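Trainee: Spelled out, the chains give:
Protein chains: 4
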Amino acid sequence: MTVRVGVIGTGMIGQDHIRRLTDVVTAATVTAVTDIDRDRAAEVAAPLGAAVLPSGAELIASAEVDAVLVTSWGPTHAEHVLNAIAAGKPVFCEKPLATTAEDCLRIVEAERARGRKLVQVGFMRRYDTGYRQMKKVISSGSVGAPLIVHCAHRNPEVPEAYTSAMAAQDTAVHEIDVLRWLLDDEIVSAQVITPRATGNRFAHLKDPQLMYFETAQGIRIDLEVFVNCRYGYDIQCETVAEEGLVRLPEPAAVGVRTAGSHSTAVLQDWKDRFAEAFDTEFREWIASVASGAEPTGPSAWDGYAATVITDAAVRSLEAGGTVVSVDIKPRPALYGGTA
Amino acid sequence: MTVRVGVIGTGMIGQDHIRRLTDVVTAATVTAVTDIDRDRAAEVAAPLGAAVLPSGAELIASAEVDAVLVTSWGPTHAEHVLNAIAAGKPVFCEKPLATTAEDCLRIVEAERARGRKLVQVGFMRRYDTGYRQMKKVISSGSVGAPLIVHCAHRNPEVPEAYTSAMAAQDTAVHEIDVLRWLLDDEIVSAQVITPRATGNRFAHLKDPQLMYFETAQGIRIDLEVFVNCRYGYDIQCETVAEEGLVRLPEPAAVGVRTAGSHSTAVLQDWKDRFAEAFDTEFREWIASVASGAEPTGPSAWDGYAATVITDAAVRSLEAGGTVVSVDIKPRPALYGGTA
Amino acid sequence: MTVRVGVIGTGMIGQDHIRRLTDVVTAATVTAVTDIDRDRAAEVAAPLGAAVLPSGAELIASAEVDAVLVTSWGPTHAEHVLNAIAAGKPVFCEKPLATTAEDCLRIVEAERARGRKLVQVGFMRRYDTGYRQMKKVISSGSVGAPLIVHCAHRNPEVPEAYTSAMAAQDTAVHEIDVLRWLLDDEIVSAQVITPRATGNRFAHLKDPQLMYFETAQGIRIDLEVFVNCRYGYDIQCETVAEEGLVRLPEPAAVGVRTAGSHSTAVLQDWKDRFAEAFDTEFREWIASVASGAEPTGPSAWDGYAATVITDAAVRSLEAGGTVVSVDIKPRPALYGGTA
Amino acid sequence: MTVRVGVIGTGMIGQDHIRRLTDVVTAATVTAVTDIDRDRAAEVAAPLGAAVLPSGAELIASAEVDAVLVTSWGPTHAEHVLNAIAAGKPVFCEKPLATTAEDCLRIVEAERARGRKLVQVGFMRRYDTGYRQMKKVISSGSVGAPLIVHCAHRNPEVPEAYTSAMAAQDTAVHEIDVLRWLLDDEIVSAQVITPRATGNRFAHLKDPQLMYFETAQGIRIDLEVFVNCRYGYDIQCETVAEEGLVRLPEPAAVGVRTAGSHSTAVLQDWKDRFAEAFDTEFREWIASVASGAEPTGPSAWDGYAATVITDAAVRSLEAGGTVVSVDIKPRPALYGGTA
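Protein chains in written order, with the numbering used here: chain A, 530 to 868; chain B, 530 to 868; chain C, 530 to 868; chain D, 530 to 868.
The hints are simulated quantities; they were obtained by calculation from the structure and are not laboratory data.
From a predicted model like this one, the values you see are computed outputs, not experimental measurements.
One or more of the hints may lead you astray.
Copies of the same chain are indistinguishable here, so a pair counts whether it falls within one copy or spans any two.
[Unchecked claim] Calculated pairs, DSSO-like style, for lysine-lysine (alpha carbon to alpha carbon, straight line, at most 30 angstroms): (1) Lys-664 with Lys-800; (2) Lys-800 with Lys-665; (3) Lys-665 with Lys-735; (4) Lys-800 with Lys-858.
Starting from the given sequences, assemble the full structure and let the hints guide the process.
Mentor: Shown next as structure tokens:
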């Protein structure tokens with residue numbers, strides 16, 4: 530069975546996912562698109578032979594659409610996801626699930642009312658081979674119980690539109706999701722500290738930032754977010770546990786010795802770093818849709834938790850670095866909890 | 530356009546490529562299969578909805594088949610490939626192209642008569658990211674002209690059926706192809722030396738073997754083939770050039786520190802090592818077929834050259850390690866030569 | 530000229546330094562020793578032909594002693610160092626310089642009164658090749674201004690006598706000294722956080738601990754101290770700067786591939802990790818004494834600063850993790866300051 | 530007891546060893562020197578307060594000399610070493626022991642006649658931490674019996690005076706000695722192959738060269754000698770054995786990430802690469818002399834074997850790459866043999 534996907538939002542990320550669904554994932558086809566820029570939607574639809582529909586609501590309602598991909602502007606996510614749930618259709622929503630914790634909770638409540646998980650949120654790190662190997666090592670017990678996680682998330686540069694709050698909302702949110710999954714634990718407090726700023730940034734931006742998180746079990750996470758590090762895109766993660774540690778691998782790259790130096794290239798683009806993870810993410814999502822099973826990826830609950838945690842981080846940043854409690858509601862049974 | 534592929538030979542490797550064409554390569558579909566074991570063919574065909582045809586000839590002739598994949602027993606390759614050429618259909622032939630240099634030449638002559646390349650041979654290393662990075666570095670001129678290449682090809686173990694000659698024919702043949710491509714040079718002599726044998730082998734097998742090749746430009750290649758190395762599947766390649774060197778990366782793997790040791794896992798299976806390369810190989814082959822262009826991968830000529838070179842290596846082994854000249858005919862214009 | 534060294538304290542560390550002065554440093558000889566355990570002193574002195582003197586005061590006064598090495602019990606350090614200053618003799622004092630900031634200041638004042646530096650404190654990290662390379666890279670400006678330093682200090686295990694406060698006083702104190710030197714900056718606040726504790730420890734001990742320091746320039750340092758990490762002795766340091774980063778090397782060790790794993794041994798003993806640094810430290814100290822120049826290593830001021838900073842860290846630990854200001858007096862001119 | 534060393538030859542290497550005996554090795558003192566350039570000898574002697582003697586013979590005879598260091602021009606080595614043996618004095622001779630196998634044998638015979646080992650030859654690799662770790666791993670049996678050794682010996686450049694034969698005599702001789710020791714085996718054949726030459730060399734020089742050695746047990750060694758590799762001084766050694774392999778470590782160096790690249794510096798000077806090995810070599814030699822024991826380092830027999838093997842390699846080179854048998858006499862009992 531080929532899953533017919535309707536795509537809401539045909540901007541850069543939407544186009545990239547459409548290419549993926551078309552060229553990489555064999556069991557999917559994009560049958561309908563919509564965008565606030567109708568011309569762009571038409572341009573994207575043409576080579577696919579996909580329908581161009583006037584709105585997300587109509588796309589979700591279309592009989593030619595089995596599953597919905599939401600890659601529109603963040604503030605519109607909640608509405609589309611709620612519509613998809615109402616229509617009983619699987620929906621993959623790029624992060625964020627919604628821009629406020631309240632909207633995230635409305636989505637969670639809608640799913641609960643429906644009694645079944647329909648939503649997957651686009652956190653791709655869980656599909657990265659390195660993180661999966663790390664989770665396997667931790668789960669095996671061979672290094673004992675995790676105590677501390679050291680992380681770094683570095684981008685070569687960001688545009689002027691990138692704000693200090695986005696360090697948590699757009700950047701750290703990937704670590705927040707993957708660490709909740711990796712540790713099988715919940716984050717209970719967040720703190721953001723600003724070291725001396727780099728000169729290589731737009732003046733309004735606090736960069737780098739150091740983020741500290743505590744989990745329910747007392748695991749401490751430190752995360753350096755440095756989005757103008759200049760030298761490349763670099764993701765580091767090391768989990769220190771009772772009997773040892775496990776560290777994310779460097780991406781494989783040829784070693785070159787010349788002119789007095791042994792060197793390997795550092796990636797420059799996050800899309801190269803996580804290209805395989807994105808492919809796996811969509812392959813697994815489409816497989817779950819095709820099989821009729823609930824999606825196994827990041828859930829609406831994970832999207833809600835990530836939003837509450839990034840909100841706490843932003844509040845800490847704005848308050849000058851105080852420790853802010855993360856106030857996540859009790860986890861409902863639908864998401865493996867007891868509420 | 531979806532390329533309709535007919536598959537001749539539904540054994541292990543045939544099934545693996547069928548899975549790839551079905552699940553990984555979006556623009557292909559398997560429409561027909563054949564196998565000397567008709568029951569096996571039927572079993573493989575069923576979930577695909579593919580036709581089961583009585584012979585390779587009929588499969589090649591089928592109107593439902595745009596392109597042919599040959600994954601049958603080696604000695605049958607030449608016949609199927611020649612039939613495909615006669616039918617004017619693109620054909621992907623797993624290595625070897627043919628089991629004798631004479632048969633390879635017949636294929637080359639058939640292609641030349643047709644005036645167009647239709648054949649691609651299944652040497653997947655050219656599609657590996659590491660080798661491609663290495664070629665890019667060499668081609669850039671940043672390390673100067675290559676002088677020496679050091680290689681190792683190690684498997685954890687081989688079954689009793691693996692013979693001493695297979696070290697060249699089945700194992701080293703991958704390095705032979707990828708180095709001809711990497712260096713853009715031809716191999717002119719081969720020599721095989723047998724060090725002290727490992728105790729961890731069947732008694733008839735000479736293992737490890739050291740193979741030395743010289744190219745037309747005087748580049749020297751040394752290749753350790755060790756197919757019972759026990760510790761894992763390990764491919765090494767280092768090109769030493771006038772201004773520096775470039776080395777194939779280790780596969781990425783999490784680092785673990787525990788019990789007094791820092792360690793990373795070594796792969797055990799060649800299918801894991803080159804999984805991505807196989808995917809890319811088929812994606813690119815199908816793309817060339819779909820576009821109507823000649824294939825850009827290893828050609829019939831490359832298949833012929835590899836056979837002549839492995840023959841020379843086997844003769845050296847049998848002669849106790851003498852240097853054996855490689856007698857490759859002049860390269861025809863169809864393959865970029867002047868003959 | 531051979532420097533005649535008198536050693537106060539012939540316990541384990543004293544004996545190790547005596548061996549170093551005897552077997553490794555060519556320009557030194559140990560001529561006198563003293564210890565509260567006179568038998569032990571006699572035993573150590575015998576093979577050296579050194580005099581056994583009844584007290585530190587008499588040793589310092591001896592005409593056979595050009596320079597003094599203090600390796601006695603910490604609480605006695607201040608008295609011996611003050612005596613040496615009073616006698617105008619160079620004195621190398623193992624850490625800590627004194628057990629209280631007040632005593633450290635008394636030593637600083639005594640040196641100032643004398644108008645000349647006579648004291649060197651035993652912080653050996655500054656003599657480690659890796660840290661020296663790191664300082665060279667930072668000083669060269671090639672990675673720009675430092676912004677953040679990530680450190681880890683891990684020991685395989687500690688005895689029951691090791692207390693939670695010792696994580697700062699005995700363990701982190703090495704990072705505190707080397708980072709003040711590396712960054713050429715002063716630490717202005719300290720904070721100690723306790724993650725979930727490892728089960729592999731004596732119950733009274735908080736282990737691991739996370740220590741956060743801020744410098745006058747706003748550089749942020751995070752230091753994981755984990756003294757029962759089990760797997761080995763492991764020192765990590767990474768300085769993140771405006772244009773790049775520089776990381777301390779792993780100790781060189783042969784790589785072994787066997788049984789599915791590529792591994793290198795992790796050191797188990799800090800004495801192995803810093804053996805060369807200790808040798809260089811004493812070689813340079815003896816050279817400075819022999820030349821009549823002031824010592825170039827960690828000064829009394831550095832010993833004072835380290836004590837104030839570790840005091841702040843201990844107070845933070847005891848207060849449950851609050852940020853504690855480091856109250857270091859203005860730096861006197863003798864130590865490169867303006868006071 | 531301080532060993533009084535007399536030094537024959539005060540050129541660059543002589544001066545370096547004098548510095549080592551003076552500044553690094555505590556139990557030695559240089560009491561006499563001689564050189565064909567008497568002014569140079571006087572200049573070197575002055576700061577040491579050493580006697581300047583008119584000839585090697587007189588130096589060896591001097592009552593102020595306990596042990597002799599020969600660092601004069603190669604062709605003079607044999608005479609000085611024979612004189613030292615005649616005088617019954619321990620002698621450390623820089624490589625080569627003698628320039629001909631015949632002269633080496635005369636030394637061996639003189640030692641045998643004396644009934645005691647007095648000679649140590651200056652092959653320092655056996656004192657390198659990495660090679661010692663490798664030997665330990667091999668001796669432990671954890672990787673099984675060695676089968677193949679891959680080596681590379683690369684220098685950034687050599688002067689015009691360096692000849693093609695010196696690739697074996699001066700460069701490969703270090704691998705020849707250390708591998709005989711590492712494998713506890715004897716080399717029985719040598720072969721030298723010349724790949725395409727680098728353009729970065731003086732025209733008379735064949736560079737790089739590939740050397741192949743076979744041992745009595747059938748272990749095969751391949752060694753790339755490339756003395757104008759440009760990028761740095763780089764020593765590689767990997768021993769492949771029945772159950773795994775062990776590889777020499779890279780020298781420790783800080784890792785730097787900047788401008789799209791992760792890099793570590795490659796050493797440029799062999800004196801930096803083996804500085805510690807030289808120190809250990811002399812420390813252990815002086816310790817053996819001081820204790821009155823026979824030296825444990827490379828013996829006259831090892832010097833003889835190295836010369837026979839390099840002679841064979843040079844003959845292979847001159848004969849255009851034929852395999853040349855190594856004709857070493859039976860090993861006398863004095864050197865652990867049965868002759």
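Trainee: If a hint holds in the structure, say so; if it doesn't, say that too.
Mentor: Evaluated hints:
{"no.": "1", "hint": "Lys-664 with Lys-800", "in the structure": "both (22 angstroms within a copy, 23 angstroms between copies)"}
{"no.": "2", "hint": "Lys-800 with Lys-665", "in the structure": "both (24 angstroms within a copy, 21 angstroms between copies)"}
{"no.": "3", "hint": "Lys-665 with Lys-735", "in the structure": "between (36 angstroms within a copy, 28 angstroms between copies)"}
{"no.": "4", "hint": "Lys-800 with Lys-858", "in the structure": "neither (34 angstroms within a copy, 46 angstroms between copies)"}
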